[in-house]
Every structure is written in C-alpha cells, then in structure tokens.
Amino acid sequence: MFPEIFAAVRELQLPLLAALLLMGAVAKAAPRSQGTGVTVLVPQGWRRPVTVLTCLLEVVLAVALLTLTGPLGEVARVLTVSLFAVSVVVLSVVRRRDPEAGCGCFGGLSREPIGWRTLTRASLLAVAAAATVGLAPNGWDVAATPTLTHGVVLGVELLLLAALSPELREALGRTIGADSCALREHSPRRSLRRLRRSDVWRTNAKVMLSAEPEDTWRHGCWRFLRYDGMRHGQRVDVVYAVRVGGPRRTGVRAALVDRQSGAVIATFGAVTTLDLQGPPRRLPRPRQAAKRDEVEGRGVARPDTLAKEPPGEAGRGMPGDPEGERIQV
Amino acid sequence: MSVIMDSGRDRRRFTAALLGSTAAPEPTPVHHRVVRGVVVDATSYMLCLATPNGEERFLYERVTGFWRGGEVLPSELRPGDDAVVLCSRDGRLVAERVWAQTARASGVIVDSEGDNLEIDPGHGRPRLTVVLPYRTSGRVSVRHPRLEPGYLFDVVGVWRDGEVWAARPATTQPPHPLDSAPRRPLTREHSNTIEGIATWYDPAWGRSAHLDPRAHAAGAAYPSLDRSGHEGRCDRRTPCLPLPLLSTGATLSMRNDCTRETAVVPVIDCAAADSWFCDLCPSCGTHAAGRIASLTMISFVALGGRLEAGCFNATVTVANQEG
Chain A
1 MFPEIFAAVR
11 ELQLPLLAAL
21 LLMGAVAKAA
31 PRSQGTGVTV
41 LVPQGWRRPV
51 TVLTCLLEVV
61 LAVALLTLTG
71 PLGEVARVLT
81 VSLFAVSVVV
91 LSVVRRRDPE
101 AGCGCFGGLS
111 REPIGWRTLT
121 RASLLAVAAA
131 ATVGLAPNGW
141 DVAATPTLTH
151 GVVLGVELLL
161 LAALSPELRE
171 ALGRTIGADS
181 CALREHSPRR
191 SLRRLRRSDV
201 WRTNAKVMLS
211 AEPEDTWRHG
221 CWRFLRYDGM
231 RHGQRVDVVY
241 AVRVGGPRRT
251 GVRAALVDRQ
261 SGAVIATFGA
271 VTTLDLQGPP
281 RRLPRPRQAA
291 KRDEVEGRGV
301 ARPDTLAKEP
311 PGEAGRGMPG
321 DPEGERIQV
Chain B
1 MSVIMDSGRD
11 RRRFTAALLG
21 STAAPEPTPV
31 HHRVVRGVVV
41 DATSYMLCLA
51 TPNGEERFLY
61 ERVTGFWRGG
71 EVLPSELRPG
81 DDAVVLCSRD
91 GRLVAERVWA
101 QTARASGVIV
111 DSEGDNLEID
121 PGHGRPRLTV
131 VLPYRTSGRV
141 SVRHPRLEPG
151 YLFDVVGVWR
161 DGEVWAARPA
171 TTQPPHPLDS
181 APRRPLTREH
191 SNTIEGIATW
201 YDPAWGRSAH
211 LDPRAHAAGA
221 AYPSLDRSGH
231 EGRCDRRTPC
241 LPLPLLSTGA
251 TLSMRNDCTR
261 ETAVVPVIDC
271 AAADSWFCDL
281 CPSCGTHAAG
291 RIASLTMISF
301 VALGGRLEAG
311 CFNATVTVAN
321 QEG
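Top line first, the protein sequences correspond to chains A and B.
Each residue of the first sequence is one higher than the one before, starting from 1 at the first, in my numbering.
Each residue of the second sequence is one higher than the one before, starting from 1 at the first, in my numbering.
In isolation and in its complexed conformation, chain A is listed as follows (with noise of 0.2 Å):
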C-alpha cells in the first residue's frame, strides 16, 4: 500500500509541476509584473530581458517534463530541480537586497513581500522535482491515466500549495472585489445595453433620429449618452443618464432639452438606486383601517387640520413623500 501511493505521489509531481511552470510563465508575461523576483537584483535596461528568458525556460521545462522520457526527460527534471534551487537562493538574495520586494513567481500577484511561505513553497518544489528523477512515464502520460490515489494525493498537495501561496489573497481579492462604482472602468456598451431594455429608452424610441449616440460622457457611478432628436417639428437633445453598477432593474434618467433654448423640456425616470428596505405591506381591511383611525383621532377631519396630512402617510407619488417629489414626467 505505502509503496503505491509513494509512487503516485512521485508520478504525480510532473504534471503538477510542468502546470505550476506554464501559469507562472503566463503570469510573468502579463504586463505590470517587473521589479520582483530575480529582476530586482538585475540592472533596470535588464529586466525585461531577463523576465522574457525566465518565461521561457519554464515553458521549455514544463513542456519537456510533459512530453520528454528517457534521458532527455532525466535531464529537463534535474534541470527543474536546480530551476527551483536556485529560485530559494535567489529569493533569498532577493530578501536580503530589498525586504520590500515580492516574489514575482506568478507575476504582478506575487507583490507580497518574500516570507517563509514562499521560500518553503520554492524549496518544497525543488524536492518535488527531485522525486521524479528516475521515473519511467512523462507528466502527459501520468495526467492521461488518473487513479483514486493521484486525485486524493493531489488534493492534499493543492491544500498544502494553497496554504503556502500568499498569490491567492491577491488573486481573490482582484476576480471578487470590486471597486466603488465611480472608480470602475466600465466598457459602454454594457451601459447601451442596460439603456436599451429600460422603459426610458421605449419611451423616446420616437423622439430619437438615430439609434447610435452622438456624444458619450462619464460623471462618476454615470454613463451620459446623448441623441438627436425631433419633438414637435423642433430638434432636441435626448439624454440618459445610466447607472454603473447597482441592481440590473435600476433606473435609467432621461432629460429632452431643447437644442435652440437649452431648456429642459421634459425628464424621466425614477432616480432611486435603492432597493425597498421590505415587501410592500398588503391595505388594511376597510373596516379595520376605519376603527384605527377613529382610534388615532383621524376618523373626522377637523377644520383646523383639513389641509395638514400626518407625516409618514403620505403615498409614493403624494406631495410630501420625499421619494415621490423627485419623481417627474
């Protein structure tokens, strides 16, 4: 039993390994991912040859560990061997030289400053490495042919890699964080999307001349699109205004401004963004709505109160609802 997972754990490191190689390869690529790693020891003009020449020796090595047997194939594994030991020295140069500097194993998310884990991390490969010296199948080989033992083997090693990884952080950070919607880049056309199934845009359909905006603007958490227009024989400005981000279901504004005066001639739409704080309540029975207000003194209007409503009872739409007085047509 022991022997057999020892051998799939030892099988099991050339795949790993050569998919390690190919994403920090990919993520070395990725713009923004100078001033780490190995380039900090390096002068400035060099730092991007060197980047390009580390990509690609991992490339060749993990596509080596994934096809190669024989002793071509004994040789890219020793080669990842030393590619790993030297990683720890020069990591540790590295953190000598400047405290502050990440990594740079995967790129611009590895700014991290280099601790244990990375250092273990790139130790713990080396070794890994090693272990595959010797072995008769190539990584391709071993990925084609899964057993029970390689996926419980490699779940245990991603837990471990995953502990060791300060990238996850960042990487997790950046698919699920997002910034404030005024900060966000946003491509328009997701914003002429969002325009065109609301019900401002059905509304104007027959005021607009063309269905392409004239003028695109940004302010903020908004997207402004401006379109010719034709009402009443007079040329006017159709403008919406757009909400980045928020619900799918949030209001789109829209101004009709006369293109000679430059008076507003009509806006639309609803200007929450917020969602209801409950389920609208359902009415009182007539009956029990008359008994609470004989009870509340409501019941008989008195002279002196006739034009005064309680505050708070005031319907959406009513005079007196905050809510309902920005509401136009």
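Derived by calculation from the structure, the hints in this document are not laboratory data.
Treat the hints with caution; some may be incorrect.
As the list claims (entries may be wrong) - Negatives, chain B to chain A, calculated, CB over 12 Å:
1) Asp-41
2) Cys-87
3) Glu-148
4) Arg-160
5) Glu-195
6) Ser-283
Stated by the list, open to error - Okay, the calculated beta carbon distance ranges per label pair:
7) A:Pro-49 - B:Pro-282: 36 to 42 Å
8) B:Glu-76 - A:Arg-259: 51 to 57 Å
9) A:Ala-263 - B:Tyr-45: 39 to 45 Å
10) B:Leu-280 - A:Leu-53: 33 to 39 Å
11) B:Ser-141 - A:Leu-53: 31 to 37 Å
12) A:Pro-49 - B:Gly-124: 23 to 29 Å
Heads up, the beta-carbon is just placed ideally off N, CA and C, and yes, glycines get one too.
Mind docking chain B on chain A? Use the hints.
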C-alpha cells in the same frame, strides 16, 4: 480647443439637467488678477505685456517678486519672454509677482545623455529635452537620485531655445521605475471629497502666449479621465488616489488648502503623467499623497499657487448625485 470647450459646456449642462446643479456646477471665471502674455518691454519701474486684449502695463511695488529660474531683477526680463503676472489685490495696475519663461518637465525619463534628459510627458504630447545646468544639478539630483530611463522626473525650470533648463525639483522621485509602481488597493466606499495635491501644466508649451488661446484656457487636466468619452487616447494609469472617473467637460470644485481659495474648474484634458505620480507636496503641512489634477498655469496662479513651487495641497469635491 474651442471645440472641446463647447462640447464640454454642453456636457456640463446636460449633466446638471439630470443629476442636479450640484453635480456639475458652473465653472468660475479666472480671476482678473491673473494675466498671461509676452513681454514687450521691462524697465525698473514698469512691465509692458502683449496680451490678447492688447498691450497692458503693470507697475511694481516694493514687494513685487520676479522669477526667471530664480529670483531676478525686473530689468533681467527680456522682450519676447512668456510671462504670467499676478496683480495685487488693489487692482490690475500693480504686479505682485511675475513669472517669466516658466516651464515644467513632468513625466518619465526615456533617454539620458550627460546633462541632457529626454522626458515623455505622456498622452501623446511632444517629448521635452531637459538640461540640468551645473548650478542646479545638485539640488535636482538630491530629489531625483536616479536619472535613468524608466524613472519619473518632475522639475520646474525656464524655457531656453526650446529646451527646459531645470531650476528646481517639483517633487521627490519614487524609488521604483514607473513599470513597478504598486497598484492602488480596491476602494469599495468612495467619498465625494478627496484630498491630494494640485499641480500645473502649460497647454501652450510657452509659445506665443499672447495669441494662443490654449495659453489662456482656464481648467484642469484630470488624471482619472474616462477612456471612452475622450478624443484621442488618454494613456493614463490608475492613479493612487480614489478619483472618480470623469470626462472632459466635468467640473471640479477645488480648494487650495494653503490659502483657502476656492474655484470651480472645468476638466479640459488628460493628465497622464499625474496618474503616474503618488507624491506629497511640502507647501503647507502634510497632506494626502497623490495628484488630483494639473491646473493650467492661469488657473493655478488664480487659485493662489506659486508656479516655482509646482504644487499646492488641495481638496476636490465631485458631487455624484445618487438617488
């Protein structure tokens, strides 16, 4: 330029119609105390300037200062110099401070050869040749220890034969090259009021200040310009301050935190170089790091800035009328 300004005015009007007038306030006109033109004659008691309004004459007070790469005497101003005059508070007749041939080189070093540097100011603007004279090279290299390609550079100097002769550093160089600048952390909660520093730039490059309308444009170049609503390509990066994305035509309510002067300035251009810097301004106390905007020379002086200092601490408000 005027086309950009017209479309900007329309954008501001439409933004105000939909988000309310607080979101896009009307820009305040440049204070009449600030004049820019070309020196026609400079004597020990009077300065004659060619401006778009014709020739204007300014008298001096005992405290009037003159800057031309350093404090100089009025007789050292030469005919043909590009000059910015800040008049005294009493009226437009008396000059309080005069800057002549003021230039700024702000950007990334692309080439260095001996005492000459080539600076790329970004956003497709022409590259500048900067000369570091022996007199000022020590002062500049204290704040800019690495004069190598890839590192940032920002000095104030004077124009001489189409080159910028460095007079004093305008910032402290970041210790890393531009490519290794750290990313700004995510900002989930965004405030409408942002503190940072305001700098200046010259949209006319010191040439024909009496004719070029760009030399008299009031406004600001903004480092967080939206990529889609801008003519041409704005090659900015994500600035280190959480600045809201805006387009040309938006307006910034800006306050000079040193002098407490306020103004509403329109966004007229892209400030690519300002998005690369994340520096402090030592003008009055410590403040938040990062650049909010590059004002044009005229707007910068009108807001109480000193061109030779290169920056002032500022607070900007961009209302974002949320329903």
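Hint-by-hint comparison with the structure:
no. : hint                             : result
1   : Asp-41                           : holds, 45 Å
2   : Cys-87                           : holds, 35 Å
3   : Glu-148                          : violated, 6 Å
4   : Arg-160                          : holds, 29 Å
5   : Glu-195                          : holds, 16 Å
6   : Ser-283                          : holds, 27 Å
7   : A:Pro-49 - B:Pro-282: 36 to 42 Å : holds, 38 Å
8   : B:Glu-76 - A:Arg-259: 51 to 57 Å : holds, 54 Å
9   : A:Ala-263 - B:Tyr-45: 39 to 45 Å : violated, 54 Å
10  : B:Leu-280 - A:Leu-53: 33 to 39 Å : holds, 38 Å
11  : B:Ser-141 - A:Leu-53: 31 to 37 Å : holds, 33 Å
12  : A:Pro-49 - B:Gly-124: 23 to 29 Å : holds, 27 Å
This entry does not satisfy hints 3 and 9, going by the numbered hints stated previously.
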